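Engineer: Chain A is already provided as a structure; the job is to place chain B on it using the hints.
2 protein chains.
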Amino acid sequence: MGRDRFPLKLLLVGFGNVGRELARILVHRTDYPGLADLDVSVVGITTGRHKSLANEDGIDLARALQELDEHGRFTPGNPDYAELDSVKAAETLDYDVLVEMSPLSIENRGEPATRHVRTALGRGRHVISCNKGPLAFAFREIRTLADQKGVAFLHETTVMDGSPVFDMARSCMRGNTILRIDGILNSTSNYVLCAMEKGKTFAEGVAGAQAEQIAEADPSNDLDGWDASVKIVALANVLMGADLRPHDVDRESMAGITPDRVKAARERGNRIKVVCSAWRENNTVKASVKASEVPLEHPFALVDATGSIVRFETDLLGKILMTEENPDITTTAYGVITDLYALDGGDR
Amino acid sequence: MGRDRFPLKLLLVGFGNVGRELARILVHRTDYPGLADLDVSVVGITTGRHKSLANEDGIDLARALQELDEHGRFTPGNPDYAELDSVKAAETLDYDVLVEMSPLSIENRGEPATRHVRTALGRGRHVISCNKGPLAFAFREIRTLADQKGVAFLHETTVMDGSPVFDMARSCMRGNTILRIDGILNSTSNYVLCAMEKGKTFAEGVAGAQAEQIAEADPSNDLDGWDASVKIVALANVLMGADLRPHDVDRESMAGITPDRVKAARERGNRIKVVCSAWRENNTVKASVKASEVPLEHPFALVDATGSIVRFETDLLGKILMTEENPDITTTAYGVITDLYALDGGDR
Chain A
1 MGRDRFPLKL
11 LLVGFGNVGR
21 ELARILVHRT
31 DYPGLADLDV
41 SVVGITTGRH
51 KSLANEDGID
61 LARALQELDE
71 HGRFTPGNPD
81 YAELDSVKAA
91 ETLDYDVLVE
101 MSPLSIENRG
111 EPATRHVRTA
121 LGRGRHVISC
131 NKGPLAFAFR
141 EIRTLADQKG
151 VAFLHETTVM
161 DGSPVFDMAR
171 SCMRGNTILR
181 IDGILNSTSN
191 YVLCAMEKGK
201 TFAEGVAGAQ
211 AEQIAEADPS
221 NDLDGWDASV
231 KIVALANVLM
241 GADLRPHDVD
251 RESMAGITPD
261 RVKAARERGN
271 RIKVVCSAWR
281 ENNTVKASVK
291 ASEVPLEHPF
301 ALVDATGSIV
311 RFETDLLGKI
321 LMTEENPDIT
331 TTAYGVITDL
341 YALDGGDR
Chain B
1001 MGRDRFPLKL
1011 LLVGFGNVGR
1021 ELARILVHRT
1031 DYPGLADLDV
1041 SVVGITTGRH
1051 KSLANEDGID
1061 LARALQELDE
1071 HGRFTPGNPD
1081 YAELDSVKAA
1091 ETLDYDVLVE
1101 MSPLSIENRG
1111 EPATRHVRTA
1121 LGRGRHVISC
1131 NKGPLAFAFR
1141 EIRTLADQKG
1151 VAFLHETTVM
1161 DGSPVFDMAR
1171 SCMRGNTILR
1181 IDGILNSTSN
1191 YVLCAMEKGK
1201 TFAEGVAGAQ
1211 AEQIAEADPS
1221 NDLDGWDASV
1231 KIVALANVLM
1241 GADLRPHDVD
1251 RESMAGITPD
1261 RVKAARERGN
1271 RIKVVCSAWR
1281 ENNTVKASVK
1291 ASEVPLEHPF
1301 ALVDATGSIV
1311 RFETDLLGKI
1321 LMTEENPDIT
1331 TTAYGVITDL
1341 YALDGGDR
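Sequence lines, in order, name chains A and B.
Quick note: the first sequence uses this note's numbering, first residue 1, plus one each step.
Quick note: the second sequence uses this note's numbering, first residue 1001, plus one each step.
No wet-lab data here; the hints were simulated from the structure.
Errors might be hidden in some of the hints.
[What the hints assert, rightly or not] Quick look at which bits of chain A chain B covers, simulated, 3 or more residues with Cβ under 8 Å:
no.: 1; region: 32 to 39
no.: 2; region: 76 to 82
no.: 3; region: 140 to 151
no.: 4; region: 323 to 330
no.: 5; region: 336 to 342
If you're wondering where the values come from, they're calculated on a predicted model, not measured in any experiment.
Note that beta-carbon positions come from the ideal geometry of N, C-alpha and C, so glycine has one too.
Next comes chain A alone, as it looks inside the complex (with noise of 0.2 Å):
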């Protein structure tokens, strides 16, 4: 991948609760005694609904998140405030990094996320994308034309928020071909399984995900299983070399499962968790998202609400798991984190 060095300027693209937790980390940077070199200035935000800040010397963060709190939006008081919608940002600000941190959306199939990257990309400028949706709908497109500009194109919190599951395999797991990969990603439809067991209906599990933040209003793309398909479609493309969109993954709808369904399996000594899939067969690559029945001495089964998993198998490292245990807001953010000195590159 294309390589830069830091001080990086960034262009934040959406600015939801990961976008401002990055900024509050920003902010607070000598909070982390490892973040001492993580040398970055943001020059643009850009939002849907909230207007929109410029500042090639760097936006003024703490007052940025300030005002946000305040009126909910950024004001003309600000002296960074800009006239300035997304793609005209990503067009004409002099940035090194595009953040695309806006809303998925799977019916526009994945617009306009795309369109900010292939824009980033195509002027030779680095994207880290935290929407899912270019790496869903366009994913060899877009490799290849970051390929040719000679930039990365990096997306750690598409997937298990910060853990570096595409990072490790791309950089610790080299020579490995990788036969089969098998997960617990989406923490909505898993929350509600877990409340199920513990005596809920699928609404107040669903009721419950929404009170705590982890299930969008719409809570529609978790239990159809569209959150899962298009998470296992970019660990295939990414780490498979597929070419699967998620319209083709074989889908389980989570509407057909039952508090009855879940205590029977709990009877049989199991739970029933969505299980994410892909695996190579004839020469192509297959994926499904599941709702399964896994034994209570699977580490599946130990995977609980939030949490996530996923198990790769191999032809040379064998079998090796990674699990996220009880992510928050500043796990998600750190995913950008991690992007950027993936970025930077330099000394390991």
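Structural biologist: Structure of chain B alone, referenced to chain A:
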């Protein structure tokens, strides 16, 4: 760390099970599609009792393996045969990377492995150590020497075989401060505990581990907690900036664990596991190896027989676990290969 580029010339110091498996993989590398770009040759192999080989154009590894199978040692009939001990080879051969694979001696505080390592680094050559001694007994000195000489000191196989525990923490978790490390890292003791759960005696468990070539002929380093101590010290020194020696570890021998104690733990819904830990306390790092009761729903309880697990607690990423399931000798040999790739640096 210092970087280099393929092709790389290797000196193998020691040629036991791991070295032979590495040679086998190199001979059959076309069977592993991911290894197409692994461009290395072996210019020297030294052994304690089986004689040595040297050839600056590359040793015929297929012939070397065949000779050991047929004669139990290298013979003067081999055109690569050399009268050469490991120290002289380290001092005089023209190699890029010394791969230290001689047996660990705790009584001799890591020697002669540390001498081999020091010699190679002093000559400005990279070192990959499968021997834990240099890490546990002389890490700071070696790290300083490698940095002064601008070369790499890598050691992925020393903990969890081929699983990239050091590489992941070094290159995929940058910016984090590691607050705590826990793990199950010794196969023999875990195998014996699992055997006792199935009704075997301690001695039968040990005999089983020896029969499966998990334990050494003298398994006392494993059962006394020394091997686990060496490993947690390696992790703490490398990843937490500690300066511990194995003798500093609060170490519990397995000698006191009886089948009755194992059974009683199971009746309480727990399993006994030998857990290694390192944590920060009063501006220093402490470490322990303890036989601990772990609840069945804890990920450590699922680690069976030869498996292993490590869990990192960090300030940004949160809690992340890596599990290795049923490793074999290929997994361990892959640890050397992942270090060769890390050395090559290159695009990720």
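Engineer: Compare the structure with each hint and give your call.
Structural biologist: Taking the hints in turn, this is what the structure says about them:
no. : hint       : verdict
1   : 32 to 39   : holds (count 5)
2   : 76 to 82   : violated (count 0)
3   : 140 to 151 : violated (count 0)
4   : 323 to 330 : holds (count 7)
5   : 336 to 342 : holds (count 4)
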